[in-house]
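Colleague: Here are the chains, one letter per residue:
Number of protein chains: 6
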Amino acid sequence: MHARDFAAESLLIEEEPYYQPVGSEIALFEAAYASQIPVLLKGPTGCGKTRFVEYMAWRLKRPLITVSCHDDLTASDLVGRYLITSNETVWLDGPLARAVRCGGICYLDEIVEARKDTTVVIHPLADDRRCLPIEKRGEVLKAPKEFVLVISYNPGYQSVLKELKQSTRQRFVAIEFGYPEAELEKTILMREAGIDARTAEKLIKLAAMTRSLKGNGLDEGASTRLLVHAGKLIARGVEPRAACRGAIAQALSDEHDMLVAVDELISTLF
Amino acid sequence: MHARDFAAESLLIEEEPYYQPVGSEIALFEAAYASQIPVLLKGPTGCGKTRFVEYMAWRLKRPLITVSCHDDLTASDLVGRYLITSNETVWLDGPLARAVRCGGICYLDEIVEARKDTTVVIHPLADDRRCLPIEKRGEVLKAPKEFVLVISYNPGYQSVLKELKQSTRQRFVAIEFGYPEAELEKTILMREAGIDARTAEKLIKLAAMTRSLKGNGLDEGASTRLLVHAGKLIARGVEPRAACRGAIAQALSDEHDMLVAVDELISTLF
Amino acid sequence: MHARDFAAESLLIEEEPYYQPVGSEIALFEAAYASQIPVLLKGPTGCGKTRFVEYMAWRLKRPLITVSCHDDLTASDLVGRYLITSNETVWLDGPLARAVRCGGICYLDEIVEARKDTTVVIHPLADDRRCLPIEKRGEVLKAPKEFVLVISYNPGYQSVLKELKQSTRQRFVAIEFGYPEAELEKTILMREAGIDARTAEKLIKLAAMTRSLKGNGLDEGASTRLLVHAGKLIARGVEPRAACRGAIAQALSDEHDMLVAVDELISTLF
Amino acid sequence: MHARDFAAESLLIEEEPYYQPVGSEIALFEAAYASQIPVLLKGPTGCGKTRFVEYMAWRLKRPLITVSCHDDLTASDLVGRYLITSNETVWLDGPLARAVRCGGICYLDEIVEARKDTTVVIHPLADDRRCLPIEKRGEVLKAPKEFVLVISYNPGYQSVLKELKQSTRQRFVAIEFGYPEAELEKTILMREAGIDARTAEKLIKLAAMTRSLKGNGLDEGASTRLLVHAGKLIARGVEPRAACRGAIAQALSDEHDMLVAVDELISTLF
Amino acid sequence: MHARDFAAESLLIEEEPYYQPVGSEIALFEAAYASQIPVLLKGPTGCGKTRFVEYMAWRLKRPLITVSCHDDLTASDLVGRYLITSNETVWLDGPLARAVRCGGICYLDEIVEARKDTTVVIHPLADDRRCLPIEKRGEVLKAPKEFVLVISYNPGYQSVLKELKQSTRQRFVAIEFGYPEAELEKTILMREAGIDARTAEKLIKLAAMTRSLKGNGLDEGASTRLLVHAGKLIARGVEPRAACRGAIAQALSDEHDMLVAVDELISTLF
Amino acid sequence: MHARDFAAESLLIEEEPYYQPVGSEIALFEAAYASQIPVLLKGPTGCGKTRFVEYMAWRLKRPLITVSCHDDLTASDLVGRYLITSNETVWLDGPLARAVRCGGICYLDEIVEARKDTTVVIHPLADDRRCLPIEKRGEVLKAPKEFVLVISYNPGYQSVLKELKQSTRQRFVAIEFGYPEAELEKTILMREAGIDARTAEKLIKLAAMTRSLKGNGLDEGASTRLLVHAGKLIARGVEPRAACRGAIAQALSDEHDMLVAVDELISTLF
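One line per chain: the protein sequences are A, B, C, D, E and F, in this order.
Count the first sequence with full-length UniProt numbering and you get residues 1 to 270, in order.
Count the second sequence with full-length UniProt numbering and you get residues 1 to 270, in order.
Count the third sequence with full-length UniProt numbering and you get residues 1 to 270, in order.
Count the fourth sequence with full-length UniProt numbering and you get residues 1 to 270, in order.
Count the fifth sequence with full-length UniProt numbering and you get residues 1 to 270, in order.
Count the sixth sequence with full-length UniProt numbering and you get residues 1 to 270, in order.
The set of hints was computed from the structure by calculation and includes no laboratory data.
Be careful, since some hints might not be right.
Chain copies aren't distinguished; within one or between two, either way the pair holds.
Listed below are the simulated SDA-like cross-link pairs for lysine to any residue, each with C-alpha atoms no more than 20 angstroms apart in a straight line [unchecked claim]:
| # | residue 1 | residue 2 |
| --- | --- | --- |
| 1 | K61 | A27 |
| 2 | K165 | D128 |
| 3 | K61 | P144 |
| 4 | K165 | C47 |
Let the sequences and hints guide you as you build the complete structure.
Modeller: Right, dumping it as structure tokens:
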């Protein structure tokens, strides 16, 4: 275990992350970056949004600061706050201010989970003003041209209470993510889980079946990540059916009938 | 990246912002300003309300202080608060108090998003008392005649919970904003995105189609800002259909059927 | 811009405010004041409640302390709180305690907007105990006979959640306010907006039409204040129809059909 | 204006409060006091519950501490809290702890308005344990036999959300209050408002009419307090009908039809 | 009045509390205590749960710490917190930690009223881990074998929102309490209220009638405690019917019809 | 009673916990541990999830840190916070940070009870980033390969409001727990409660009956833990029927009809 501090250089992704492009997402991201328009990534969990951002950070050689958004994330958590210590009062930049200062990529993951003040605080950064007012310091940070704001969310989860307001989403260029094509997914599985082509194909067939059940008893189909999990367990010697039950079926659902149905799918494949 | 402090002179807009008048909004704003009546801007996102305020600030040569309102914005955030440091207790003016002191324009963007105490705190500033009581300091700030309060909101979003109370709105002169006429919008697009007239016309046709879908599957039509985004991507070499999908279709909606429909509109145009 | 501190003498209204009596409200207020019974003002926004209180403060030569109530106004905001500075802990009287100490008029505007603890904290001041317990200081302030509590609210807004409890309202003598008679309103308009009699009459006719729409598409009719706004814009050279649209129609409603209807009314008059 | 501190002797009621007994309430209170059982007063606003407690405090020669309960009243507000000053940390007894220490009467007015923790904190004081645990000081106060807890509420207001739990109410002996008999009320009115017998009789007739409207358009009928208000205004020279409208009709209701009806009642009497 | 500190010895019940066993509750409690299984007491208000715990504390010679649970009781209130004074930061054990340290009985009265974090904080103490993690001190308290956790609740009050979770209740041995048999209740009444056998019998008949009305207009029947209250008032000379009305009828209900009905029951008995 | 501090060595389970494997759960856990995939345990209360984690901690020789999740558990409670003492400001690692630093097992029991920010804070630890950003210190903890995150929940309790999001659950390999087979449960009962085979068999029959009532009047059937409780009471000499009523029937339900039914089951067995 070792601590990494937040200095800009340490936030650079040094090694090229393994990323398989699905369509024109790289070109679109680069054009938005060059035009200084922020980017919105849409798509289900486990389909590679986070990996894509890491890849683009490596490609553009920009520091990456990731924030997992949640119900209690406030504007101060993003912008910064004063910290009272016994000797002095110190200002501590939040991740958004840090990213602006160092001209990095600020990635707000699952933005719709955050409180509304968080989505509003990014507005002046997300239009052509490109500035971050830090009220508490009486300071306005002007973003350098290298700074880019990236947000993501999963449209499948959006409820009325947690939807992205038009005044927010109309500030972004959007890129949609889905599950990779079968051939591409097979390549990913073999490389990431260390399994053979046949096992990978079976897992992908299983995934396709669960994905077709989305909306018919399953909230989501099996993501590529789940297939990697099952593959890794199999590679460690776990019996394939047990691996698929633990890493895929049980991870997807708690419904008894659905679990029986997925178990049958598993038995027909392995 | 450089920090700009809040001293009044530094809040002046030095360069004339690009603004194309739509109707008599400039005359109306100037008469209200001269009569010391506050101004309310109404209209959808991305139609130029913020740009208009920046333009008027430049024209009237007044410092501009903008506040993006949100659920957690309190009266103290606007008025000011005591800051306890290790050596002393310092009063820090909020943006509203700062604007009053320097006789500037205080622009509260999306006022209905703020908590109710925020809308009440502006009442004494918004009638002929024109003063801001700062309870915590036992002080009453009297606004100079140059000070003007500007608020904005999007009537399309107003829910019962978040509507502007009559006792608030009846304190303002209201100016309504909409999308610019086609000719005007074309001029804006060509200048801001750097595209040719033909591409601009196609984008405007696409916008008109989405705007007619408002209330029939779309919450909002494409704003001028979205057209500028698409234009910029096209100018950077992105294939026009991909640019329109990312900057317009995906930015407007997550609904599969609606996305297919907008995609067809795009294909008939490009 | 100059700061006025809260010393009692500085809260006196030095100049007679322009106030046109509507009925026996002055006699009723003076009898309640002499009997040490608190006063409740009822009526729609913009009909002169605040001006009336300022007038009575001037007439009775009592300091006036006004508090705009809101959702987050707590009992401590009214009564006072300890302020911790680096050197010492200082007690800061709230506006209610200040008004009691200096025998002034404490005017709580839109009382129903305040939190319930606020309405309860005034109970001992509003019956024959006439005292304000300051729990945090272990002190009970006894109100001098000059002190009077005045509260206001708009019955048109009262929801079930925000109604004045019987145990509160039965402590007050109530005075109802409405729109002034046509002749009186004309005098007010000509004096406050600096317009001629004919324009004033037209504005009053327009107001009467909107007031008859109250409950039929409008939450409120145009108040006298709105007419003054329109008049001032006209006096500044704004075209009368544009002035009425901005200062009256758009200030009253966002509904498209209603705006068209009010616009037609405007066109028949100007 | 003079401050009265909370030392036990200063909380004694020195002068006999004017109180007209309605039934056996004095005997019942005295027996409960002698048996060390707490007392619950039930009844509508303005019928003399507070005056009765003041009278009993005078009669039993016990200090009286009154707390108006509200939504934000916490257990700490009642029991006490530490106060951090710059030099030291001081414990400040809340009103309940003060009353226990000095063997006084603690009167919690409108108890159902308080938060639930408040009603629970009185449980150990309200059964035969008769003690108040002060968790924050690690101290248990044992109540002396002179201490008595009195609570009140208005059954007419009780909603499902704000009812007194059985585990609370079954700890008290209950005394119900209503409006006084006509003869008694006449005596009270003449003495408190300084009016003649005929005016008093008319006011009582008016009160009886409004009381019969309770539940048929009025939430409450006119309390004795309202009659005293009207009487005082009349004694000050206000025209009787105007006095009744301001002090009774407008204080009871905002409904136009109801106000017209009560106005007619007033006109038939005066 | 004298303060008792929380040192373990001072929390011992020195005198045998008057307790009449109803069934095998003493044996069951002792076996659970010896097996180090926590105990859950169920039953309506006023039937002796608190008295039973005091009796067992005396019998087992263990210090007793009682906490009345409520909506705002947090885990920190139970476990402890740091207290910042001007000179140092002191840790203050909460009642639960105190009880664990001194091997006492911790009695959480009306546990379902507490916030959910409170019920979860007792889980590690309520299974065979028998430990209390104090996160804030980085300390795990191991309970000595003499420590026992007792909780109580009234099943009659349980709403969906406030029910004991299975993961909580399945950690306890449960003992149910009801009203005592008539003979036993008579003995209790005569001893506690100091009344003769005939009066006691009449009160018990009255109680039986009200208990049969539970669910038919009454939330609860009259508890033994209410009978003791009525008996004490009668012993002090209050007329029996007035005593029963104040101590029983009015304490049970506010409904006019129900009060008339109970009054008739009272009149047939006394 | 003795305090154990949180140093890594002291969190090791020194003695082998008594654990009877039910299926392939040990192999699955070990493969997930070796693959650095986090583990999700599903199953009803009292079926041994906590014991299993303790067993795996002993087997893998890793320190175990357990957190009982609840409504008020925040991200700061897990990650850590600054503690202001009078002399200095100290950072206090939360249990999650502690577990990461010492390469231990962090077990979040009943994760769905926690606030949403808690489930999000574990995301970067639960995918291949395996890091814990500590925003307040500007530090990113990288988890050593020995660290493993384990969470548990009871699918039977999941409500719409408290379900595990797909973006969370798809990060884990899931292991499902149920009640042990009869033979195994008998072995457990005899060993843990110290009862003979016949009594254990009767208890297991009783459990089976209650388990078949799940969803038909019972929220849950009797867990193994409840049988151990009843067995222990019987071993202490409590009459078997009374033991079963207190430890099983009353612990499962408050419904009168259900209690009568379970009592009859008990009577037919003992």
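Colleague: It remains to establish, for every hint, whether it holds in the given structure.
Modeller: Comparing the hints with the structure gives:
1. When the C-alpha separation of K61 and A27 is checked against a cutoff of 20 angstroms, the pair qualifies only within one copy, where the shortest distance is 16 angstroms, while the shortest distance between copies is 42 angstroms.
2. In the homo-oligomer, the alpha carbons of K165 and D128 lie at most 20 angstroms apart inside one protomer (18 angstroms), although the nearest pairing across protomers, at 31 angstroms, exceeds that limit.
3. Taking CA atoms no more than 20 angstroms apart as the test, K61 paired with P144 passes inside one copy only; the shortest distance there is 15 angstroms, against 26 angstroms between copies.
4. Only between protomers do K165 and C47 lie at most 20 angstroms apart by alpha-carbon distance; the minimum there is 15 angstroms, versus 24 angstroms within a single protomer.
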